[in-house]
Amino acid sequence: MNDRRRETLTYLTGFMLALALTLAAFAAVHWPVASAGTTLAIILGLGLVQVVVQFRCFLHISLARSSRDDLLLVLFSTLIVTLMVSGTLVILFNLRERMM
Amino acid sequence: MSEPSLQHAGINMGGTENRPDANAESGIFGFWIFLMSDAVIFALLFAIYGTALAATAGGPTPAREFKLDSALAETLLLLTSSLTIGLTVLAMKYDETRRAVLAWMGLTFVLGIAFLALEGHDLATMFADGAYPTRSAFLSAFFALVPLHGIHVLAGCVWMLVMAAQIGAYGFDARVRINVLRLSLFWHFLDVIWIAILSVVYLQAHLP
Amino acid sequence: MQTAYSPIWPAVLGRFTWHDLPFVRAWENPNASEIIGAGAASLVIIGFVITVALLTRYRRWGTLVEWVTSLDHKKIGIMYVAIALVMLSRAVVEAVLMRMQQAAAIGDPGFLSSDHFSQLFSTHGSIMVFFMAMPFLTGVINYVMPLQIGARDMAFPWANSVALSLTGGGAILMMVSLVVGRFSTGGWSGYPPYTGLAFSPDVGPDYWIWAVTLGSIGSTLGGINIACTIFKLRAPGMTYMRMPMFCWTSLCTSILMIFAMPPLTVATALLALDRYLGFHFFTNDLGGNMMNYANLFWLFGHPEVYILILPAFGIYSEVVSTFSSKELYGYVSLVLATMAIAVLSFTVWVHHFFTMGQSANINTVFGIATMTIGVPTGVKIYDWIWTMFRGEVRFSVPMLYSLAFMVTFVIGGFTGIILAIPPLDYVFHNTLFLVAHFHNMLIPGLLYGLLAGYTYWFPKAFGVRLNERWGRIAFACWVIGFYLAFMPLYVLGASGMARRTSEIFEPDFRPWLYVAGAGALVILCALASLVVQLVVSIRERDANRVFAGDPWDGRSLEWSTSSPPPEYNFAVIPHVDGRDPFYDGKRDNGHYRRHAHYDAISVPRNSVTSLSIGVAGLGAAFGLVWHMWWLAIIAVLGIVAALILRSFVRDTHRTIPAAEVAETEHRWHDALNAATPIGRDVEFTPRNQGLAETAA
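Protein chains in written order, with my numbering: chain Y, 7 to 106; chain V, 15 to 222; chain W, 350 to 1045.
Derived by calculation from the structure, the hints in this document are not laboratory data.
All values derive from a computational prediction rather than experimental measurement.
Where is the CB? At the ideal position from N, CA and C, for every residue including glycine.
Any given hint might turn out to be false.
Claimed, not checked - According to the in silico footprint, chain V covers these stretches of chain Y (three or more CB under 8 Å from chain V):
| # | region |
| --- | --- |
| 1 | 19-28 |
| 2 | 41-50 |
| 3 | 58-70 |
| 4 | 74-81 |
| 5 | 88-95 |
Construct all of the structure, not just a fragment, from the sequences and the given hints.
Right under this line is the structure:
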């Protein structure tokens, strides 16, 4: 029963953290304290943290040996996604800027 | 080396897994790879959404069309369902009673359907307001991204019905167990995608 | 003119009209172009009828069903290669037609209409990439890789079969486009806005979209399967750094498939949304941006180049090492080079559209990244050369292909460096120079490699060596044909001749176009020689059997089984303790050991659901192309139903009893005992029964 308690706690911790991060992001938009650019950075930052939290608590991706393959897979995917998305945005915004 | 072990990659069935299955490890890992491939599809749709954000062609704008209150409600529904699908897996791992597993999965299903209903209502409101996909590139990008996530949620709900039928028919045999694990991965993954949708689509639309 | 033909029964047949049949068009307007179109359609129909007739005549329908429903990775691999060879024949004939047209159309319209010519270059490119190269390499990986890592099957046999049937569905759709309607004229890359609804309202781009989509979904599934198999199913002791080089390149290729196919799926899906539902992703109005498409397409397109080339690199590594009787030189550097190429391939896509208008700084970054890929590729070439150095090189057909590859590929690489420099690319962009360059990369870097692999592993798959003489003739034709057909294109491109031109107005181009045309005819002879080789080999099969399994004194585990291998591959899973386990093992007398006791083995049962997903996929695609909505809806529901049904199947495996395994193994061991070990000097003679002399 001990294992079950521990695992349930992991899920509950993840849930509470995710909830807090979501509400914080909403609050940052609803009661703005910073400029648009800064607020966007805050939102995206909070989102990123929440993704990490969910990967850790819900999807059980950790540094443990048993999930090493998965961790590598997720990190490699992150690399590719970053390359593709940032590349696309840089190129397309550059094109628009030069056409305007 | 990949000696068959009790450690399930990806989802913590841990050392306490009672019924090890040699196929489980590659079965789950293969599903992880599929999810990452799917993630690339979403990532590209996000990138396109980013490039189309300004291309409203004089039509409806993000700030006008996206409602924060319903976005918050949808987020809470999906986040809670992510917790309940986790509890489904724990129930399968420790209780092994059909009732416990089906109860948690049923709750997840209801939350998923509620999410879909709310999102469907949002989209219908947008249509009524003249914000339909053929209006501008921005709306095209939105209607490719968010409903695709919705279709995934719908597929997840259908999958739950199928799993419920299989639990009824076969109990918890090796294939049912591995498919419930895959389903839970899929559902958590959809919640992760939703975080990105919430941040990039809904919250970004209401920056100060 | 077309409006005169109102659609018949629009609810059932969608937008089909009689005018969509090439026979009707040829009847009404009997010029060379239409008659060639009708001829091609007849060939498809005649081929189909002959196949059906032969199957019925020899009562082989059961065999066919047994094959297409099989989940055995070896049968699936062979079927992939069969699809590839059929599609190769069609695409080569199309290439010859285009070369003939250009040679004939100097200051003259030639014999093909410009529309027909555009269809030819679109189908040629689409087929060669998606339905020749992809099935060929997937098939070879499917067949060889599990045997090399000591596995009994792929990680997901059923998904493997689904991937095959989807790819097959796409290939069939390409063939159907010859008979019903017409294909896209937008090239293999299908750039909008030209392929959008505004400029191409006909069925052509829809054929392209759905054929490519079927192929790309199949490839994504295939990639997941290959990667998972290599990660999880290696035999005990087979660490990553002991894997044969071909497995490494297969792994990197599969990772590229997993991450590079989604951009293509997104690109075609969004183009479909534009065409079917009036979205505005790539249109000229309401904010659409066709540059998004170019970006998406090449996010896929560049890694795709390495998906195509890496497996061939692996085959060359195996072939060069085996036929030099030496261990592969620089194994670690080859592994690192392969991984470097795989990662770098995601960082260079912009070099396909340097001229689109982004700033010089961005072009510079991607130009430098492109040139960087030359470094690991160069490392590989040196490693192969060092492998041959002081080896006992035997000039077998696969080895000849490898040598031709090394020389030719380096030339192509140099022209690639030229194109990687943005200012020069502005000059050469969209000329035949580019066409010459990528054929110079892909023919040696893909086709020669796969043909080498085909010749090398054919005895493994069928237990019969291919005819050596016709193999050499085919090789000579491929190489001579390549140089004749493509070297002139460099000159023409540098002189400013645009690619995809159906009529030429510069008389100075004439000699070069004639030489290129002659080269195309030599390539046609190469294709014919391959057919003759196959026929001759089947006729002489009894003289060239290598049932014992090791015709080339092989090094890796696939040679340690009988030829063809039993359904379960290995009666006892081998234990690996080195990089060349079989080569070392047979010299220490460790292999070929008869066991006293064999266990029963579980293998996947045949499945109808995987096949029906492919059939339904084809149906959905055809329905969508012709706006037969009822067909599309039924087919999509059919796919969902098949998926659900399959998840309910519990009886997925059958057991081969221990007695049957023992009998199979004993038969093989008896043959081994009866066979005479041969030296390498007689390996191309009928004395080669597949047992290598190991006492040095």
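Structure-based check of each hint:
1. 19-28: Coverage by chain V holds here, the residue count being 5 at a Cβ distance below 8 Å.
2. 41-50: It holds, with 6 qualifying residues against the three required.
3. 58-70: holds (count 6)
4. 74-81: holds (count 4)
5. 88-95: With 4 residues closer than 8 Å to chain V, the region 88-95 of chain Y meets the three-residue bar; holds.
In terms of the numbered hints stated before, the structure departs from none.
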